[in-house]
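Peer 1: Residues per chain, in single letters:
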Amino acid sequence: MDLSQLSTVLTEINSEFDQRIAEASTLSVIDQLKSDFVGKKGRVALLYRQLGQIEASLRPSAGELINAVRDRIEATIEDLYPAVRRAERSKTIASDVNDPTSVILRSYQGSGRIHPVTRTRMELEDIFVGMGFSVEEGPEAESEWYNFEALNIPKFHPARDGQDSFYLDLDGDDQVVLRTHTSPVQIRVMQSQTPPIYAVMPGRVYRRDTADARHTIGFHQIEGLVVDKGITFGHLASTIETFTKAYFGPDMNARLRPAYFPFTEPSAEFEVTCTICRGKGCRTCSGTGWIELGGCGMVHPNVLRAAGLDPEVFSGFAFGFGIDRLTQMRDEIADMRILTENDLRYMRSI
Amino acid sequence: MKVLLSWLNEFADFYGLADTLDGVIDKVVAAANGLGLVVEGVERVGEGLDGVVAVKVIEIHPIEGADRIRRIMVDGGMGSLEQIVCGAFNFHEGDYVPLARPGVTLPGNFSIAKRKMRGVESNGMLCSARELGLGSDYDGLMIIKSDGVKPGDDLASTLGIDSDVIIDLAIEANRPDANCHMGVARELAVFFGIDFKAPEILDISKVERRPLPDDFIVEGANSLRLAKFDLTKIAKDRKIANRLELAGMRSISPAVDISNYLMLEVGQPTHPFDGDKVPGKRVRVRVAASGEELETLDGQVRKLKGESDSADSSYDLVIADIYGIGLSVAGVMGGLSSEIDDSSTSMLLEVASFRSDLIAKTSKRLGLRSEASHRFERGVDPDLGDFAIARFAYLAGVMPEYIDVVEKVTVRPTVVLPKSYIAERLGMEIDLDAVSAKLARLGFEISVNESTMTVVPPSNRPDVTVAADVVEEFARTFGYQNITRVKLTNDRVGRLSSKQRRRRDLVNYLVSRGYFEAWTSTLLSPTDMGLMGDTEVAICVKNPMAVDESTLRRSLSVGLSKALISNLNRREEFVQLFEIGKVFSMPNQGELLPRESERLAILSFTREEIPPFALYRDLASFFGFYDQVVAERIEDQGALIGAGFIGLHPGRTLLLRANGAIAGVVGELNPFAIEDLTGVLPQGRVSYVEIDLDKTLFSITTSRRPSTPSIYPAADFDLSFEVASDVLAIELENLITRSIVGYNPKISLIDSYVGDSVKVLSRSLTFRVQVVSMDHTLTEAEIRSARLNAIEAIHQSGVGKLRE
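Residue numbers (numbering that gives the first Met the number 0), protein chains in the order written: chain P, 0 to 349; chain C, 0 to 803.
If we strip away everything but chain P, and leave its shape as in the complex, we get:
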């Protein structure tokens, strides 16, 4: 073989390569081309092996000719590679289609749910924490002293009628009840902390209510207590208002009207704008535009004294309302018993 024959072969290789590369659209075809032309057993390698047939003095030139073709082919393939790879991946991805909604239940059950009452409790805690309050807790089984006496509710006080309590069968000298309200935690907080006290006390409470559509075994309250020097009724009214707007929304209002609780004086019921009609008047609010939410007032001097604080030095206010009731309002629950039925069909709907 001489140089001209070699050139002819190289030209053939070049043109054949150009022809085939023009048609190449997949990586495997390109890989095949690479192997066919510049692979170990490819056309170009074959030529290198035939160099021996060429006169020795011409071999370097021949080698350069072959090198040039090899380099050109390799460079062409290198250049083409990324584009074809991109094209091929796009095609692969484009053709890889499924039905994402065809999830077999058994393979994925999903997440659970927080109980609606817990959710309300968390929301309330967050709001009061944001207002600078701490969250305090206390026992569910309480002595009569904490549940009643310390809260200015002596035995046979008419106020005990409304919250008939469960008494526990224990041997001790004093009676123990399942707490009928979260208020005993107020006493415990005042005993264990020095003012200023800013605390809310959520928790489960128990009353011997008659069994009806609203009866659940126990329910939940949240109670707030602020004690410091110079705390006033004006502060109470403002705090109730701040809470109302934070929880229900900026266009909602609160109002206070006189009421009676043994542990506060002055006492008030607090009402908020009806969440259903937004104050226009509807069946839920009996046309008044307001719904009753809870009770509040200035901590009675006897309560401060019972907790070991001097009412001449400190004053405070307290408020409380039902967490379950707020849950009922939010979720428009018709029958509260659904909350204790642990019915997964209901819980999944939350």
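Everything labelled a hint here was simulated from the structure, so no lab data went into it. Keep in mind it's a predicted model, so treat the numbers as computed, not measured. Every residue, glycine too, gets a C-beta built ideally from N, C-alpha and C. Heads up, a few of these hints could be off.
[Said to hold, decoys possible] Derived Cβ-Cβ restraints for the label pairs, each shown as a range:
#1 C:Val415 to P:Asp227: 24 to 30 Å
#2 P:Gln192 to C:Glu244: 55 to 61 Å
#3 P:Pro99 to C:Gln627: 39 to 45 Å
#4 C:Thr700 to P:Asp227: 29 to 35 Å
#5 P:Pro99 to C:Ser497: 40 to 46 Å
#6 P:Pro249 to C:Ser497: 28 to 34 Å
#7 P:Gln192 to C:Gln299: 47 to 53 Å
#8 P:Pro249 to C:Thr453: 42 to 48 Å
#9 P:Gly171 to C:Arg494: 34 to 40 Å
#10 C:Arg767 to P:Pro99: 31 to 37 Å
#11 P:Pro99 to C:Arg494: 38 to 44 Å
#12 P:Gln192 to C:Ser784: 55 to 61 Å
#13 C:Ser497 to P:Asp334: 36 to 42 Å
#14 C:Gln299 to P:Asp250: 52 to 58 Å
[Unchecked claim] Only pairs whose alpha carbons sit at most 20 Å apart, straight line, appear in this in silico EDC-like list of lysine to aspartate or glutamate:
#15 C:Lys561 to P:Asp342
#16 P:Lys40 to P:Asp70
#17 C:Lys541 to P:Asp170
Start from chain P and add chain C according to the hints.
Peer 2: Same frame as chain P, but now just chain C:
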């Protein structure tokens, strides 16, 4: 308490507040609410009766083909009979019933027209009490029983019905003054700034007053008056009877009606005795004898409490004759033996005042709530006696013949407070003079000097005793809504405690893992825990509402098992629940309150079983207490039950110990225990974890510090051991971990095999051990030595043997 607008209007001109009745009602309702006399309902009665007449039923005929309606011929005084079709069956020929003729509009805007039913013409409608707005009775026609009624008489005048507005007020326990029309009217009159006129009375100052001996009243009674009236001179008053009915009381007899009317009007309960049935014609107040029995007006024999019956120092009071024989339960209910009846001719009207707490206790003890006891236990104005008798005399139109009297001097409390106190407590200055003037109209005596204010509350306000009460009166009179809101500022940072944050994280962790938060009952049936295998005594409720809710739970497993089964019964396939709640056990020696601890329980029932230990280990590791809690086989079932963990599958459950104390269980519930409890045997394994959070999550925080990973390559080797069936994989895991010092071993169980090929011992466990050094690449020799150390540790402990 139901009050009638017409009655209130006798004390002040409320009708004059607005041009229309609706306007008046709106104003009165708003004012009452603002004063804390909360309006629970407003009902307009006796309206829409125009044109309704009384008719006499003459003939009743069936209608062919109709068995629910009949053709009635009535005499309406028109000269000829009128034909009405009627669907009621509760009347007979000769009865008088109400007829609304065509053209009449009944309450609720219901227009009556002539119409045909089954081809029979009906000239109007015969009415029930409810259709006329006169009551709730809907069972049939209203039967008119008034004396002297004639066909065609106007119904309203026959019945003596005046249209009225009933306002239902919720009177708080601290407002005894508002338990009567006079009190409510006075509050409202002061609020509106209109004149208040006291009810008219007869002048009884000339009536003979006969003092009774001081010992005719005992401690617990403040005063006793006995006014004698000639019953034969007291006639029935239709207006009084009607008002009583509208206010929710039955009309009984003229004297009893006036007594009740007086109570609703001025708040003083009184009791009329038949004078001829009271030996000696005098009564006294005494303490009941222990176990004394007395038959009350309702025909029930009441057993009374004496002074020394129990540690409680209270006692019942009895009104007795001069020989000591009990006649009535003081302040609560009269006795049957001295009751007024049709043949009575003389009456002794008892007007007394009692200590409110005693009446409250008696009423509660006897389970007997009367209108009188309701008022006495909240406090009746002790100075009302003579006024009440004078008003009774006016209403009866008869002067009393004499009045027996004994009373103690009562002292009205005086409250002295710093002048600045009210402003300090309200957070704003209010016009004290203007508010004081209003309070003066309510009977408060207020005097102010430079630094102090002195307040003597009226005798009908026993609730006002301390400065805080005075603040409330000023605030209420000033108007709560008029008090300026003062922004509460403080420099405190609110934050959940570490315990509260961890509890929240726990909830979120479990929810994200597919668990639903349950709320099961704290109170269980006494047999529930026994059925689940509990042998300990639980704390009982002395006064449960139902047996099913009489025992405090010692474990959450009962509630969750019930929740599981009820969900399976609802055809749920997978049940994954958790609950965080309190459990209770007997108090520690010398302590009053039960031991209460907060628990977490996780229950899962799924087709692809979730290994409970994997769940527990992940949870405990995530929250950083895994390393400090030991899991072990249950050796002592009794100790586990003692600690309040019940219903567990003994062979598939581990006990958790924290600081030596039992702190939880991980494993499965015993399916047969669930079957015993619920009657349903779950068809599958019930994974269960119950942990005492106080002993774990809330008290143990991680001791680990985050560590920087080694930059050198790790190496691993596998080890298979034959072990006995009761050996736990974690025991080997722990031994291996401890045997490899300094190489940060990471150990995972990669195979657990039980089969015939394992001859002597029954189980084979294969662990993969990964080791790495912080400061160099481990050599073959080092790895080999680590492996040998691990094998040696297992062999020495005797829990397993290397499989070659």
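Peer 1: Starting from the range 34 to 40 Å, see whether the pair glycine 171 of chain P and arginine 494 of chain C falls in it by beta-carbon distance.
Peer 2: Distance hint for glycine 171 of chain P, arginine 494 of chain C holds at roughly 36 Å.
Peer 1: For the pair valine 415 of chain C and aspartate 227 of chain P, does the Cβ-Cβ distance stay inside 24 to 30 Å?
Peer 2: Holds, since valine 415 of chain C and aspartate 227 of chain P (Cβ atoms, about 25 Å apart) stay within the stated range.
Peer 1: Against the range 31 to 37 Å, how does the distance between the Cβ atoms of arginine 767 of chain C and proline 99 of chain P compare: consistent or not?
Peer 2: holds, 36 Å
Peer 1: Hinted pair, alpha-carbon criterion (20 Å max): lysine 541 of chain C, aspartate 170 of chain P. Please report holds or violated.
Peer 2: holds, 12 Å
Peer 1: Determine whether the Cβ-Cβ distance between proline 99 of chain P and arginine 494 of chain C falls within the hinted range of 38 to 44 Å.
Peer 2: holds, 42 Å
Peer 1: CA of lysine 40 of chain P to CA of aspartate 70 of chain P, is that 20 Å or under?
Peer 2: holds, 16 Å
Peer 1: Is it true that proline 249 of chain P and threonine 453 of chain C lie within 42 to 48 Å of each other by Cβ?
Peer 2: holds, 45 Å
Peer 1: Lying within 36 to 42 Å: is that true of the beta-carbon distance serine 497 of chain C to aspartate 334 of chain P?
Peer 2: Holds, at about 38 Å.
Peer 1: 28 to 34 Å was suggested as the range; check whether the CB atoms of proline 249 of chain P and serine 497 of chain C agree with it.
Peer 2: Given range 28 to 34 Å: holds, Cβ gap about 33 Å.
Peer 1: Keeping to a limit of 20 Å between CA atoms, is the pair of lysine 561 of chain C and aspartate 342 of chain P held or broken?
Peer 2: holds, 11 Å
Peer 1: Taking 52 to 58 Å as the hint, is the beta-carbon distance of glutamine 299 of chain C and aspartate 250 of chain P inside that range?
Peer 2: About 56 Å separates the Cβ atoms of glutamine 299 of chain C and aspartate 250 of chain P, which means 52 to 58 Å holds.
Peer 1: Taking 47 to 53 Å as the hint, is the beta-carbon distance of glutamine 192 of chain P and glutamine 299 of chain C inside that range?
Peer 2: holds, 52 Å
In the structure shown, no violation is registered for any of the earlier numbered hints.
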